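Enquirer: Residue strings, one per chain:
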Amino acid sequence: MNLFDIPPAAIVGQLMVGLINGSFYALLSLGLAIIFGLLHIVNFAHGAQYMLGAFIAWAMLEYLGLGYWWALLIVPLVTACLGMLIERTMLRRLHGLDPVYALLLTFGMALLLEGAFRLKFGATGQPYASPLEGGIRLPFAYLPAYRVWVIAASLVICLTTWWFVERTRFGAYLRAAHENPQLVRTFGIRVPLLLTLTYGLGVGLAGLGGVMAAPIYQVNPLMGSNLIVVVFAVVVIGGMGSIIGAIAAGFGLGVVEGLTRLLAPDYAGIVVFIVMLLVLAFKPAGLFGRGDL
Amino acid sequence: MSEPLLRVQDLAAWYGETQSLQRIDLEVHTGEVVCLLGRNGAGKTTTLRAIMGLLARCQGRITIGGQSALGLVPEKVARLGVAYCPEERGIFASLSVEENLLLPPVLAPGGLSVDEIYELFPNLLSRRASGGSKLSGGEQQMLAIARILRTGAKLLLLDEPTEGLAPVIVEAIGRTITQLQARGFTILMVEQNFRFASRLADRFYVIDEGCVVESGDRHVLANDTARIESLLGV
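Chains L and V supply the protein sequences, listed in that same order.
Going by my numbering, the residue at position 70 of the first sequence is 70; the numbering climbs one at a time, nothing skipped.
Going by my numbering, the residue at position 18 of the second sequence is 18; the numbering climbs one at a time, nothing skipped.
Derived from the structure by calculation, the hints contain no laboratory data.
Among the clues, some could well be false.
[To be verified] Every beta carbon over 10 Å from chain V, so not counted as near; a handful from chain L, in silico:
1. Val12
2. Gly13
3. Arg92
4. Leu104
5. Gly115
6. Ala116
7. Lys120
8. Arg137
9. Phe140
10. Ile189
11. Ile244
12. Val279
13. Lys283
[Stated by the list, open to error] Computed beta-carbon distance windows for the label pairs:
14. V:Arg227 x L:Pro181: 40 to 46 Å
15. L:Phe164 x V:Arg183: 34 to 40 Å
16. L:Tyr101 x V:Gly60: 46 to 52 Å
17. V:Gln192 x L:Trp163: 52 to 58 Å
18. V:Asp224 x L:Thr168: 51 to 57 Å
19. L:Leu66 x V:Lys134: 48 to 54 Å
20. V:Gly110 x L:Phe164: 27 to 33 Å
Here the structure is a predicted model, which means the values were calculated and not measured.
Where is the CB? At the ideal position from N, CA and C, for every residue including glycine.
With the hints as extra help, turn the sequences into a complete structure.
Expert: As structure tokens, then:
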């Protein structure tokens with residue numbers, strides 16, 4: 001099929017879907033990158049924490065009558081607190097051991113969370129109404145307002161987080177503690193607290209992603225595990241621990257996936273992994289990786 | 001004599017199963033420059049790391065400003081007014097020169113201002129926007145010392161500040177240490193460079209196989225050079 005034979009509406013439509021998926025890839029891989037960068041933990045519970053965010057948003061609406069915008073504010077805080085609790089009570093005990101232990105712990109946590117939600121809610125999804133009706137009508141395409149909002153919000157959140165890590169004093173602590181945590185402690189900085197806050201930040205971003213996803217995908221117990229495999233590939237492509245890599249690879253691969261769906265629909269499901277193979281073969285540290293991890 | 005700023009008594013320390021300090025006793029008084037001499041692997045760096053709270057397993061007594069410091073985590077030791085400049089300098093490659101300089105938070109009043117620091121190290125001012133890894137060895141050493149002067153720490157632990165540097169840079173570091181002493185800083189430093197140490201140090205300790213085997217003031221260092229050198233194996 002030739003690109004020029006495709007109607008522009010289809011191209012815009014798939015670009016939109018690609019950017020939407022990319023928004024979630026970027027949000028989730030960003031959290032993973034931050035956690036991996038400082039704690040050296042591959043947070044396998046990230047997908048489950050994203051699912052949890054969506055479910056909390058759903059439950060707030062269902063039981064408390066608190067809508068989307070409240071959820072957007074409260075859910076990240078709740079999930080971040082939960083993350084900090086997990087770090088303090090469990091992950092901290094594994095500090096200094098082989099990182100595989102933390103990986104297994106978070107993997108077990110993901111299975112437990114998803115299993116528990118499946119038991120309670122089954123595998124079918126819970127609907128969550130879109131908070132923004134209507135959309136923008138362009139000459140050749142229609143852009144639903146909520147989707148435009150998700151893309152814009154995700155971009156803003158990603159860039160804010162990047163600015164926070166790369167340009168602020170707190171971010172400088174994080175970067176320094178990534179390089180040499182012991183030395184940073186000798187400056188009087190409480191690195192263990194920094195680790196707790198960082199894990200909380202990462203989990204909070206996952207929860208925020210969950211809220212934003214609720215009106216688009218169905219709120220269901222497996223929504224995280226479906227997504228997380230692709231997100232891990234995105235993190236590897238962007239470069240483990242690289243913030244800007246996670247953002248760029250997240251949006252970029254979303255778009256690549258969307259365009260593949262137009263040109264070669266059969267390959268849309270695997271194109272991300274093909275890119276991952278190529279990147280690993282030719283630039284093993286990832287597109288933006290420094291190779292010192 | 002008044003209560004020393006730092007007192008280490010009967011200090012023993014282990015890396016895993018290996019005992020690297022057997023028995024270290026030393027004192028540093030306010031305003032002094034004290035030097036730890038000794039062969040490679042004698043336990044000089046380990047002594048500084050133990051004081052800073054960087055070793056998991058220590059025994060004995062360490063008091064800083066009259067407060068017990070043994071077993072404290074490094075961030076607590078820092079709050080007693082101690083700052084540490086490691087042998088490998090520890091300049092953060094992902095941070096710019098100025099970010100490195102401003103990284104350690106101010107914990108107590110009385111530290112140097114950024115302007116005063118740039119006055120002391122004019123090289124750093126011209127390189128403030130460079131990445132930390134772009135500096136020469138001498139500049140890295142200057143930066144490593146410079147960044148712990150802002151924090152209000154009164155006791156500086158300097159590990160081999162002249163290691164691997166050209167003679168002209170060593171001279172500059174020597175002048176800096178003299179200036180810091182004149183400004184009221186107290187300095188405990190590890191040094192391999194015996195000549196360098198003998199000019200700067202008010203007092204010295206020689207460490208061998210994890211024990212203090214010799215100590216004295218600068219006159220001993222000057223008059224008994226041959227014997228000290230034999231202890232150091234030079």
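Enquirer: Can we trust that Phe140 (chain L) is non-interface, i.e. its beta-carbon lies farther than 10 Å from all of chain V?
Expert: holds (45 Å)
Enquirer: Compute the least Cβ-Cβ separation between Leu104 (chain L) and chain V, then decide whether it is above 10 Å.
Expert: Per Cβ check, Leu104 (chain L) is outside 10 Å of chain V; nearest 25 Å; holds.
Enquirer: Do the Cβ positions of Gln192 (chain V) and Trp163 (chain L) conform to the proposed distance bound of 52 to 58 Å?
Expert: Roughly 44 Å apart at Cβ, these two residues miss the hinted range, so it is violated.
Enquirer: Examine each Cβ of chain V, and state whether all of them lie more than 10 Å from the Cβ of Val279 (chain L).
Expert: Val279 (chain L) clear of chain V: closest Cβ-Cβ about 22 Å, beyond 10 Å.
Enquirer: Was Arg137 (chain L) rightly flagged as not at the interface, with every chain V Cβ beyond 10 Å?
Expert: holds (46 Å)
Enquirer: Minimum Cβ separation between Lys120 (chain L) and chain V greater than 10 Å?
Expert: holds (42 Å)
Enquirer: For Lys283 (chain L), is the shortest CB-to-CB distance to chain V above 10 Å, so the non-interface label stands?
Expert: At roughly 19 Å from the nearest Cβ of chain V, Lys283 (chain L) sits farther out than 10 Å, so the non-interface label holds.
Enquirer: In terms of Cβ atoms, is chain V entirely out of 10 Å range of Gly13 (chain L)?
Expert: For Gly13 (chain L), whose nearest Cβ neighbour in chain V is about 41 Å away, the distance exceeds 10 Å, so it holds.
Enquirer: Quick check on a hinted range of 27 to 33 Å for Gly110 (chain V) and Phe164 (chain L), using CB atoms only.
Expert: holds (31 Å)
Enquirer: At 10 Å, judged by beta carbons, does Ala116 (chain L) keep clear of chain V as stated?
Expert: Holds: least Cβ distance 37 Å, greater than 10 Å.
Enquirer: Mind verifying the non-interface call on Ile244 (chain L)? Its CB should be farther than 10 Å from each CB in chain V.
Expert: holds (12 Å)
Enquirer: If you check the beta carbons of Arg227 (chain V) and Pro181 (chain L), does the distance land in 40 to 46 Å?
Expert: At 42 Å between Cβs, range holds.
When the structure is compared with the earlier hints, violations turn up for hints 10, 16 and 17 and for no others.
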